[in-house]
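Colleague: Sequence:
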Amino acid sequence: MNCLLWFFYGLPIVHPNSTLVLTINGIGLVIEGAYIIIFIIYAAKNTRWKMLGVLALEAAFMAAVVACVLLGAHTHEKRSMIVGILCVIFGSIMYASPLTIMGKVIRTKSVEYMPFFLSLVNFLNGCCWTGYALIKFDIYITIPNALGTIFGLIQLILYFYYYRRSTPKKGRNVELPTVLTKNAVTSGIVSVTIEK
Numbered sequence: 001m002n003c004l005l006w007f008f009y010g011l012p013i014v015h016p017n018s019t020l021v022l023t024i025n026g027i028g029l030v031i032e033g034a035y036i037i038i039f040i041i042y043a044a045k046n047t048r049w050k051m052l053g054v055l056a057l058e059a060a061f062m063a064a065v066v067a068c069v070l071l072g073a074h075t076h077e078k079r080s081m082i083v084g085i086l087c088v089i090f091g092s093i094m095y096a097s098p099l100t101i102m103g104k105v106i107r108t109k110s111v112e113y114m115p116f117f118l119s120l121v122n123f124l125n126g127c128c129w130t131g132y133a134l135i136k137f138d139i140y141i142t143i144p145n146a147l148g149t150i151f152g153l154i155q156l157i158l159y160f161y162y163y164r165r166s167t168p169k170k171g172r173n174v175e176l177p178t179v180l181t182k183n184a185v186t187s188g189i190v191s192v193t194i195e196k
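Each residue of the sequence shown is one higher than the last, beginning at 1 in the UniProt record's numbering.
Incorrect hints may appear among the rest.
Derived CB-CB ranges, DEER-like [to be verified]:
hint: 1; residue 1: Arg48; residue 2: Tyr113; range: 26 to 34 angstroms
hint: 2; residue 1: Phe61; residue 2: Ile38; range: 17 to 25 angstroms
hint: 3; residue 1: Arg48; residue 2: Thr100; range: 23 to 31 angstroms
hint: 4; residue 1: Leu124; residue 2: Glu58; range: 40 to 48 angstroms
hint: 5; residue 1: Phe61; residue 2: Ala96; range: 13 to 21 angstroms
hint: 6; residue 1: Gly103; residue 2: Tyr35; range: 20 to 28 angstroms
hint: 7; residue 1: Ala43; residue 2: Arg164; range: 36 to 44 angstroms
For the record, the hints were derived by calculation from the structure and aren't laboratory data.
For every residue, glycine included, the Cβ atom is placed at its ideal position computed from N, Cα and C.
Could you build all of it, start to finish, from the sequences and the hints given here?
Modeller: Here you go:
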């Protein structure tokens with residue numbers, strides 16, 4: 001939904017001279033479409049129908065937004081404002097979605113649920129788009145991406161703070177996969193202990 005709204009925002013009929021927003025989010029839509037198609041092909045039947053229902057709701061919402069904006073707002077300023085506000089809302093939700101994982105990291109004092117590279121890319125993406133928005137003086141791009149930069153930075157700080165606390169320490173018990181040989185089966189239970 002986020003990419004779709006930004007793509008609509010970048011169209012010349014809504015916000016002129018937003019070629020970069022249009023092309024990058026257009027590429028994002030193609031990639032997301034490929035992911036969705038692959039998911040639908042391999043998903044279980046009931047999951048597939050749920051996903052198709054969600055996609056239908058998103059398509060209906062987007063069709064309503066397009067119709068309302070194009071028929072109700074007759075200037076670029078009004079169209080940019082309406083679609084821009086929606087982009088701020090959905091972009092902020094997208095960047096705020098890792099807050100639940102950050103809470104889990106703080107509660108468990110472990111970063112196993114928060115991948116480092118995802119946090120890094122989230123931060124870098126927010127930085128790039130915030131820089132672009134500041135150059136273009138576009139408040140609608142600035143707000144969600146500045147939030148993304150802040151949330152990404154918080155994720156990285158949490159990662160580095162809890163990383164050392166959650167890495168396995170030397171001498172910790174190691175569980176090996178069980179392998180049974182013909183002799184082990186006939187002689188009884190086999191036990192292996194590894195100590196460092």
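Colleague: Now tell me, hint by hint, if it's right for this structure.
Modeller: Cross-check of the supplied hints:
1. Arg48 with Tyr113: 26 to 34 angstroms: The hinted range 26 to 34 angstroms holds for arginine 48 and tyrosine 113, with Cβ atoms some 27 angstroms apart.
2. Phe61 with Ile38: 17 to 25 angstroms: 23 angstroms, holds
3. Arg48 with Thr100: 23 to 31 angstroms: Distance hint for arginine 48, threonine 100 holds at roughly 26 angstroms.
4. Leu124 with Glu58: 40 to 48 angstroms: Given about 27 angstroms between the Cβ atoms, the range is violated.
5. Phe61 with Ala96: 13 to 21 angstroms: 19 angstroms, holds
6. Gly103 with Tyr35: 20 to 28 angstroms: Cβ of glycine 103 to Cβ of tyrosine 35: about 27 angstroms, so the range 20 to 28 angstroms holds.
7. Ala43 with Arg164: 36 to 44 angstroms: With a Cβ separation near 39 angstroms, alanine 43 and arginine 164 satisfy 36 to 44 angstroms, so the hint holds.
Of the numbered hints given earlier, the model fails hint 4 alone.
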